[in-house]
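Undergrad: Model the full assembly from the supplied sequences, consistent with the hints where possible.
Now for the letters of each chain:
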Amino acid sequence: MKEIMEQLKPFIGLSTSQEVACDVVERGAVRRYAQAIMYEDEIFNVPCDRNAKFGGPVAPPLFATHMFRRPFGTSDPIQANANNPDFDGIVAATSSSGLPELTPLKGFALLNGGSEIEFFKYPNHGDTVSVVSKYHDITLRETSKGPMFFVVVESSYSNQKGELLIRTRRTQIRRR
Amino acid sequence: MTEKTERFFEDVQIGEELPVLEKGPLGTAHLMRWSAAMENWHKIHYDEKFAIEHDKLPGLLINGSLKQQFVMELLARWAGQKGWPWKASFQFRAMNLVGEKLRIWGRVVNKTEYPDYGVVEIELGILNDQDKESTPGKGMVALPYRNGKPLPYPFVPPVESVSAA
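Just so you know, the protein sequences line up as chains A and B, in that order. First residue of the first sequence: 1, per the numbering used here; consecutive thereafter. First residue of the second sequence: 1001, per the numbering used here; consecutive thereafter.
Think of the hints as simulated: they come from the structure by calculation, not from any bench. Any given hint might turn out to be false.
Calculated cross-link-like contacts (lysine to any residue; reagent style SDA-like; alpha-carbon spacing at most 25 Å) [as the list claims (entries may be wrong)]:
1) B:1082 x A:31
2) A:145 x B:1006
3) A:145 x B:1089
4) B:1049 x A:111
5) B:1043 x A:53
6) B:1056 x A:31
7) A:134 x B:1156
8) B:1049 x A:56
9) A:9 x B:1091
10) B:1138 x A:9
11) B:1049 x A:112
12) B:1056 x A:113
13) A:53 x A:167
14) B:1043 x A:85
15) B:1043 x A:86
16) B:1082 x B:1006
17) B:1056 x A:89
18) B:1082 x A:56
Using C-beta positions, here's what the derived DEER-type ranges look like [unchecked claim]:
19) B:1115 x A:4: 44 to 50 Å
20) A:73 x B:1022: 14 to 20 Å
21) A:108 x B:1058: 49 to 55 Å
22) A:108 x B:1049: 33 to 39 Å
23) B:1146 x A:144: 24 to 30 Å
24) B:1099 x A:90: 39 to 45 Å
25) B:1049 x A:144: 33 to 39 Å
26) B:1013 x A:90: 42 to 48 Å
27) A:27 x B:1146: 32 to 38 Å
28) B:1145 x A:52: 18 to 24 Å
29) A:35 x B:1099: 18 to 24 Å
30) B:1022 x A:70: 31 to 37 Å
31) B:1017 x A:52: 45 to 51 Å
32) B:1027 x A:74: 46 to 52 Å
Ideal Cβ positions, reconstructed from N, Cα and C, are used throughout, including at glycine.
TA: Laid out in structure tokens, this is it:
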């Protein structure tokens, strides 16, 4: 495992260029999202007194973090892995926001270890959202369940005006 | 809805408990709906055979990405119309399995005054039906003073605070 950790060290600090979400903040997508999290606040739906100070209808606080989906016409990872029994169903756009794959951890299971979230502004309907991410840290820890790698990815999400919407640090736990 | 509440910094007491947010019981339909909404298809949330045989898990897991939505909702509801759910941090220390009902809780543990507004620190977590804690963490909610000015929007953190929770 220490050998793998050595192979992972060059990844620490690597960042993406700015990636722009393939779709703007769409009202229908906001509705599906709000219903899925069972938080159907009127501020996510239509103009109202309570979202006037936000400039009209907005999306839930974490919506921007899930906007980086596969653009139309790009290769389909689900079809590409249709015969791969080890494919876990995770698509890169939502696991590490465009960062290079941690090849030394290929085949390791992935669990969500936790997050730090700093929230500044709601995304408005119609906003274009972009993100810059980096591998903030990667560590190897011995746990009661064996050695595990803790991968911390920091992502900063902004709107088309350059206003910071939200900053996250997600910890991914990778284990055999 | 509690979002219509107007909460001021002076009104908050250390030790005060936030209204518990209940979600579930969360079945496979909930998890599939969430997977579809965010367009991520991690099999451990809907493919039981994959979860158990491939990833050696005890069953289908409730998504951590869904649980963190509940944490933000707890803070946003409590912050009310004039406050701001500034920060949240939490660890997924234990798994929540499909079928569980979750209770998201919070308790005020500290208050800090800044020139333009106050910040309330909240201990929080997620309990299942068996009162097992899975997601311990903390939150920071900014609240205006009763006779103070409104919070800045977009939110501007207090000068002394630079980094994440």
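Undergrad: The structure should be examined with respect to each hint, and the outcome stated for every one.
TA: Here is what the structure says about each hint:
In summary, the hint linking residue 1082 of chain B to residue 31 of chain A is supported, as the alpha carbons are separated by about 24 Å, within the 25 Å threshold. A C-alpha spacing of about 46 Å is found between residue 145 of chain A and residue 1006 of chain B, which places the hinted pair above 25 Å, so the restraint is violated. Our distance criterion of 25 Å between C-alpha atoms is met by residue 145 of chain A and residue 1089 of chain B, whose separation comes to about 24 Å. For the proposed pair residue 1049 of chain B and residue 111 of chain A, the alpha carbon gap of about 17 Å is at most 25 Å, so the pair holds.
Our distance criterion of 25 Å between C-alpha atoms is broken by residue 1043 of chain B and residue 53 of chain A, whose separation comes to about 40 Å. A C-alpha spacing of about 35 Å is found between residue 1056 of chain B and residue 31 of chain A, which places the hinted pair above 25 Å, so the restraint is violated. With a C-alpha separation of about 23 Å, the suggested pair residue 134 of chain A and residue 1156 of chain B falls inside the 25 Å cut-off, and the hint holds. Among the hinted pairs, residue 1049 of chain B with residue 56 of chain A is inconsistent with the structure: their alpha-carbon atoms are about 45 Å apart, more than 25 Å.
Proximity of residue 9 of chain A to residue 1091 of chain B is assessed by CA-CA distance (about 24 Å); at most 25 Å being required, the pair is judged to hold. Of the supplied pair hints, the one linking residue 1138 of chain B and residue 9 of chain A is violated, its CA atoms being roughly 30 Å apart against a limit of 25 Å. The hinted pair formed by residue 1049 of chain B and residue 112 of chain A meets the criterion: a straight-line CA distance of about 20 Å does not exceed 25 Å. For the hint pairing residue 1056 of chain B with residue 113 of chain A, the CA-to-CA distance comes to about 17 Å; that is within 25 Å, so the pair holds.
Distance restraint check for residue 53 of chain A and residue 167 of chain A: the Cα-Cα separation of roughly 22 Å lies within the 25 Å cut-off, and the hinted pair is therefore satisfied. Restraint check: the Cα-Cα separation between residue 1043 of chain B and residue 85 of chain A comes to about 11 Å, which is no more than 25 Å; the hinted pair holds. With a CA separation close to 10 Å, the supplied pair residue 1043 of chain B and residue 86 of chain A stays within the 25 Å bound. At most 25 Å may separate the alpha-carbon atoms for a hinted pair to count; residue 1082 of chain B and residue 1006 of chain B meet this at roughly 6 Å.
About 16 Å separates the Cα atoms of residue 1056 of chain B and residue 89 of chain A, which keeps this hinted pair within 25 Å; it holds. Among the hinted pairs, residue 1082 of chain B with residue 56 of chain A is consistent with the structure: their alpha-carbon atoms are about 16 Å apart, no more than 25 Å. Range check, residue 1115 of chain B to residue 4 of chain A: about 49 Å between beta-carbon atoms, so the 44 to 50 Å window is met. The hint said 14 to 20 Å for the Cβ distance between residue 73 of chain A and residue 1022 of chain B, and at roughly 42 Å that hint is violated.
Judged by the Cβ atoms, the range 49 to 55 Å given for residue 108 of chain A and residue 1058 of chain B is violated: they are separated by roughly 19 Å. For residue 108 of chain A and residue 1049 of chain B, the hinted distance range of 33 to 39 Å is not satisfied, since their beta carbons lie about 20 Å from each other. Between residue 1146 of chain B and residue 144 of chain A, the C-beta spacing of about 49 Å breaks the proposed range 24 to 30 Å. Under the hint 39 to 45 Å, the C-beta atoms of residue 1099 of chain B and residue 90 of chain A, about 23 Å apart, miss the expected range.
In this structure the supplied range 33 to 39 Å is violated for residue 1049 of chain B paired with residue 144 of chain A, their Cβ-Cβ distance being about 26 Å. The beta-carbon spacing between residue 1013 of chain B and residue 90 of chain A, approximately 43 Å, falls within the hinted interval of 42 to 48 Å. A beta carbon spacing of about 36 Å between residue 27 of chain A and residue 1146 of chain B agrees with the range 32 to 38 Å that was offered as a hint. At roughly 22 Å, the beta-carbon separation of residue 1145 of chain B and residue 52 of chain A lies within the given 18 to 24 Å, and the hint holds.
A hinted range of 18 to 24 Å holds for the C-beta pair residue 35 of chain A and residue 1099 of chain B, which are about 20 Å apart. Evaluation of the 31 to 37 Å hint for residue 1022 of chain B and residue 70 of chain A yields a pass: the beta carbon distance comes to about 34 Å. Hint check: residue 1017 of chain B to residue 52 of chain A, Cβ distance near 31 Å, so the stated range 45 to 51 Å is violated. A hinted range of 46 to 52 Å is violated for the C-beta pair residue 1027 of chain B and residue 74 of chain A, which are about 32 Å apart.
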